[in-house]
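> Take the sequences, apply the hints, and build the full model.
Here's the letter readout for the chains.
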Amino acid sequence: MSVRNLAILTDVTLCTGCESCVVACQQANGLPAEKPWRWVKQIDDLSSARWTTIRAVPQDDCTRYVRRQCRHCLDPECVSVCIVGALKKTPEGPVTYDRDICIGCRYCLIACPWEIPRYSWEDTVPYVQKCDFCYSRVVDGEVPACVEACPTQATIFGDRDELLAEAHRRIAAEPDKYVDKVWGETEVGGTSVLYISDVDLNLTDLEVGISSEEPMPHRTTKILHKMPTVFVGMAALMGGVHWVIRRRQELMTGAAATAKTGPTDGTTGSSENEESPAEENNA
Amino acid sequence: MSEWLLWARGPMFRFAMLLMVLGVIRLVVLSLLNLVAVSRMAGDKRIPIATALRGTAGWLFPRWGALTGHPVLTLASMIFHLAMIITPIFLGAHILLWQRGLGLSWPALAQPLADALTLAGIVAGVVLIVQRIFARASRELSRLQDYLLPVLITIIFATGYLAMHPGSDPLSYEAVMLIHVVCGNLLLFALPFSKLSHVMLFPITRLVSEMGWHLAPDAGQRVAATLHKEDQPI
Amino acid sequence: MKLRFTKTILWLVAGLAPAVLVMRVIHGPGSVTALTDIIPWGLWKGGGVVALVAIGGAGFTVAMLVYIFNCQLFKPVVRGAVLLALLCYSSVGLGLTVDIGIWWRIVFPVWHWQLHSVLFEVAWCIMLYLVVLSLEFSHTVLARIGWQRMLSAIEKLTMVIVIAGISLSTLHQSSLGTLFLATPFRLHPLWHTDFLPLLFFISAIGIGCLTISVATLFVHWLYEKAAPMRAVSGLGAICAVTMTLYGILRFADIIASGKAGLLVNPSWDAVNFWFEILLSVVIPVALLSQKRFRVSPAAMFWIGVTATVGLTLNRVNVSGLATLSLTHATYMPSWTEWAVSAGILAAAGLIFLFCVENLGLYASIGAEDVKRARAAGSLDPADWRTTFFSAHRHGEARLYSLVFVAAIAGSFAGLSDDAVFGVEPVATSTSSPRRVQVVKRDNGCSAPFTVALRDDVAAHSGAATSMALMVDGNRNGRYVLFDHEAHETRVEGGSNGCARCHHMNRPLDSATSCFECHRDEYLAVDLFDHQIHEIHTGGNHGCIRCHPGAGSPRTRANTPECTSCHPNMRPGNTRVQVADAGKRDRPSGYMQAMHGLCIECHRERKATLPVERQGIDQCAGCHGDLPAISGAVWQSWL
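Listed in order, the protein sequences are those of chains A, B and C. All the letters of the first sequence, read from the start, carry residue numbers 1 to 283 under the working numbering. All the letters of the second sequence, read from the start, carry residue numbers 1 to 234 under the working numbering. All the letters of the third sequence, read from the start, carry residue numbers 1 to 638 under the working numbering.
Hints may contain errors.
Said to hold, decoys possible - Pairwise CB distance ranges (calculated):
no., chain 1, residue 1, chain 2, residue 2, range
1, B, 224, C, 360, 34 to 42 Å
2, C, 244, A, 168, 17 to 25 Å
3, A, 214, C, 274, 25 to 33 Å
4, B, 141, C, 26, 27 to 35 Å
5, C, 332, B, 53, 37 to 45 Å
6, B, 61, C, 535, 32 to 40 Å
7, B, 53, C, 558, 27 to 35 Å
Said to hold, decoys possible - Here are the computed lysine to aspartate or glutamate pairs in the EDC-like style, where the Cα-Cα straight-line distance is at most 16 Å:
no., chain 1, residue 1, chain 2, residue 2
8, A, 222, C, 194
9, A, 35, A, 123
10, C, 440, C, 424
11, A, 88, A, 123
12, A, 226, C, 396
13, A, 177, A, 198
14, A, 88, A, 100
15, A, 41, A, 115
16, A, 89, A, 132
17, A, 35, C, 424
18, C, 225, C, 357
19, A, 35, C, 418
I should point out that these hints are in silico values taken from the structure, not numbers from a laboratory. Idealized CB from N, CA, C, for every residue including glycine.
This is the structure we're talking about:
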């Protein structure tokens, strides 16, 4: 398949909440039976046995059904934080997970702004569990299982740019119906899973809505890039300070031989004064 | 009642079992440490392992000669020990529990044989308790645990038999089971802290009695002197 | 006596961990922790890694003072500080190994490089710093065993090692803060700031000064010697300066970024924040700035403990506690998590004391002092307790090993069933369906659907209503409205029709409700009541009726089928044919039973129905999933 930057567009107005996508996902990925584990608050939440789910959002007129799945961010935070590179952003778009090198630190679980990754806590050897865009299917030119299963074409699959154009076309065709926004177009630098809807969507459980367009990894990489400088700078500073102080003490002991003054008082004072340059360097 | 039984079979059993295993390991390690310390002080530093092992193997089996002195007691003691070793390990119902808990299993003893051994164990236990109470020499030597342990073990045998034969059980099944399990746990619990520790320390006892000869002849006097108890009867 | 008491407590606490660790390896981290998908980092990460690294900041702080600033004043505590750091970082390594899901992959970062991951950088820094600390500490060991050639080689490298240690510490102490820059939507704004790395670094220096002071004072109290108070009060002064700087930076950042309102906003987080600041900044700075407190060992000890608790709270807040409000989650570490953390720390404490006694960690505590302190705890040789604890030479070993073994057994006994047998799903008991008034509505969005009416609404609605059963076994607010009367008329067989669905009846019952056997929403639970059967068969003499063959193990496998005594239990004309029904006493969960019963029948009926009712086999056909509507909405529909 030559299409690059694959994406999924979900039109909330078309979803009937039949959960065919959920069942198809579970079958395609061979997920275990769902059970009410201690950490599963609602049986139809995302869990290690449910990589995508439908949430009923009651409205005044009638209920909306919003599908939840990994957003496959364009610049994903989970990939950025993963200590061993078990999570990868593939060139085709999907964020995939390599369970053979994951160490189970669960940093991706707390770093994901969408609160998507789940963990199979019930297993002796647990792994991170999340939608992988049916990567093995899409590289073979097939469509993801959830898209294939959708009876109303509420969720469609294709090139991200084409899907964005399609989303804007639908909004432009029925401006009274749709909210003029494509969810996933710009948040945290854009995601590969897009939504359009006729009501406002809150796609996370977190109290703070995600409005920032800055890709998440920027928050840490801008600090990380300074680290080599800090390392070398700190070493140089320490070496320099050591050299200066030893030189001063040598001179002082030389003077003390004649003037008979205690050298230790002087060093105590200097140690307190020297604290601040070390810290400013880190800033 | 069933909550108590669950508790006795769950947390209490886990505590008693693990304490027994670790406690016995602790005892063996400490005894060996002491032996090393003793051998350092002794003139002859050889550790007679072969002799000790031979002694252990020898004393493990009853000797015909011993029967001549107190044949009833010797026989009772022998039966008591045999019943205590064979029944708990090879009883079918116990093996079933191991299989459920850890997936381990081994061939079970035929049920009539297990019943017979249990009954023989009860009789032997009663004989031993009676003897300890009524024979003057035994009474003088006995400590509290010497009375309590045979009683405990006899109770375990009796309740175990009743649990397997509910038809002849005057109490409710669960009550008998609770007594059986709790007493069994107490026995496991007591094992590393009472004379029952000879289960594991028997070979070490042989080693000690071999090494004891290597100590200085008046070592006992020096111990008494250290304790300031020279004038007291030993 | 206090030395012996302290060591006994430490052995006891250390004994709490091993059984938990074994079960964690056998059944996985989910079995012994209270962690969830929303709070996946708990006590082991927040307390055992993030806070402990800060506590271990003593190592580089004191090494910097002594070797870089050549401050001989702190020489008496430098070995202790290095060991303290070494023990903290080893505990961090062990704690992290226990915490990560796949513990044997703890070494993977060594060859799976991810240069853009902060955690990768932290892992490497900690690994390298552990090597540095080992080299620094090898000085003490080599001096003790007297390997001169090696010792002089290490001494030549001292400055390189120390500078490497300081640089590595700068990196990972600050990077631990960088870790949490990735969680802006979880962490409360009072803690989340771009200055986290700097704040973490500065506070690690401040707290490092105090943790080594606390350790030094405590050890000297144990061995009844005067502590090197000049060094301790010097460290107190440095801490006061550093923590003042930390406090100013913290507040300046909060005010500058316009979050000052949150400080006075009465919320749980604000209280938590002020409590943390009180313990970690206000109390230490206020007291340490006065000389009379700095020179008092007792005051320094308690100030140090307070500040350490406060700064630990800070790290715990950033790594979890202050994320609870924004994630709407709850998390309280299970006792097994506490046991592992405390056990590892207690073991570290014992190693510290061992080094004090055998490696001459403090010049002020000599071999004679150790001997005296240990002798003070021994029992009268003639005492009966001697038999247990002090017989012959290994009195201490007897006491400590007994306590240790008992603690292991005790913690094993106290484990939850999840920890012992593996994690099991949580039970959700079911309830009987309720009878409610319903009305059929068509609002234009979807197929006509049925709505349940609240009692107060139905009274004045005036619309045509009927009665239905509200099937919501787990009472979670979602339900299926089931028109029992309508279904009764649909099934063939008249009065015998009940059995078409009610496929199993309790004795003397004709149509037992579903929830009475399908007792759990999702799980198959045991149905057989042994006690009732015991009573009805006449107690102990009745056993033989179900368990033939006296003496053989009595299991379910060798009992007869239920129907051999209860022939009417299963009606013949039922459409529910359960496989393996003979001794089946673990009926499926409520949800599965309902689906199994309804869906199959609905699929069959679909063929006979008109086109507008073809949705009968779809989920939404039964699951309207609307909450009971309010009077206002109902009025607007009329």
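> Each hint should be assessed against the structure and marked as holding or not.
Hint check results:
{"no.": "1", "hint": "B:224 <-> C:360: 34 to 42 Å", "in the structure": "holds, 38 Å"}
{"no.": "2", "hint": "C:244 <-> A:168: 17 to 25 Å", "in the structure": "violated, 56 Å"}
{"no.": "3", "hint": "A:214 <-> C:274: 25 to 33 Å", "in the structure": "holds, 31 Å"}
{"no.": "4", "hint": "B:141 <-> C:26: 27 to 35 Å", "in the structure": "violated, 47 Å"}
{"no.": "5", "hint": "C:332 <-> B:53: 37 to 45 Å", "in the structure": "violated, 54 Å"}
{"no.": "6", "hint": "B:61 <-> C:535: 32 to 40 Å", "in the structure": "violated, 50 Å"}
{"no.": "7", "hint": "B:53 <-> C:558: 27 to 35 Å", "in the structure": "violated, 45 Å"}
{"no.": "8", "hint": "A:222 <-> C:194", "in the structure": "holds, 10 Å"}
{"no.": "9", "hint": "A:35 <-> A:123", "in the structure": "holds, 13 Å"}
{"no.": "10", "hint": "C:440 <-> C:424", "in the structure": "violated, 41 Å"}
{"no.": "11", "hint": "A:88 <-> A:123", "in the structure": "violated, 24 Å"}
{"no.": "12", "hint": "A:226 <-> C:396", "in the structure": "violated, 53 Å"}
{"no.": "13", "hint": "A:177 <-> A:198", "in the structure": "holds, 6 Å"}
{"no.": "14", "hint": "A:88 <-> A:100", "in the structure": "holds, 13 Å"}
{"no.": "15", "hint": "A:41 <-> A:115", "in the structure": "holds, 14 Å"}
{"no.": "16", "hint": "A:89 <-> A:132", "in the structure": "holds, 10 Å"}
{"no.": "17", "hint": "A:35 <-> C:424", "in the structure": "holds, 9 Å"}
{"no.": "18", "hint": "C:225 <-> C:357", "in the structure": "holds, 13 Å"}
{"no.": "19", "hint": "A:35 <-> C:418", "in the structure": "holds, 15 Å"}
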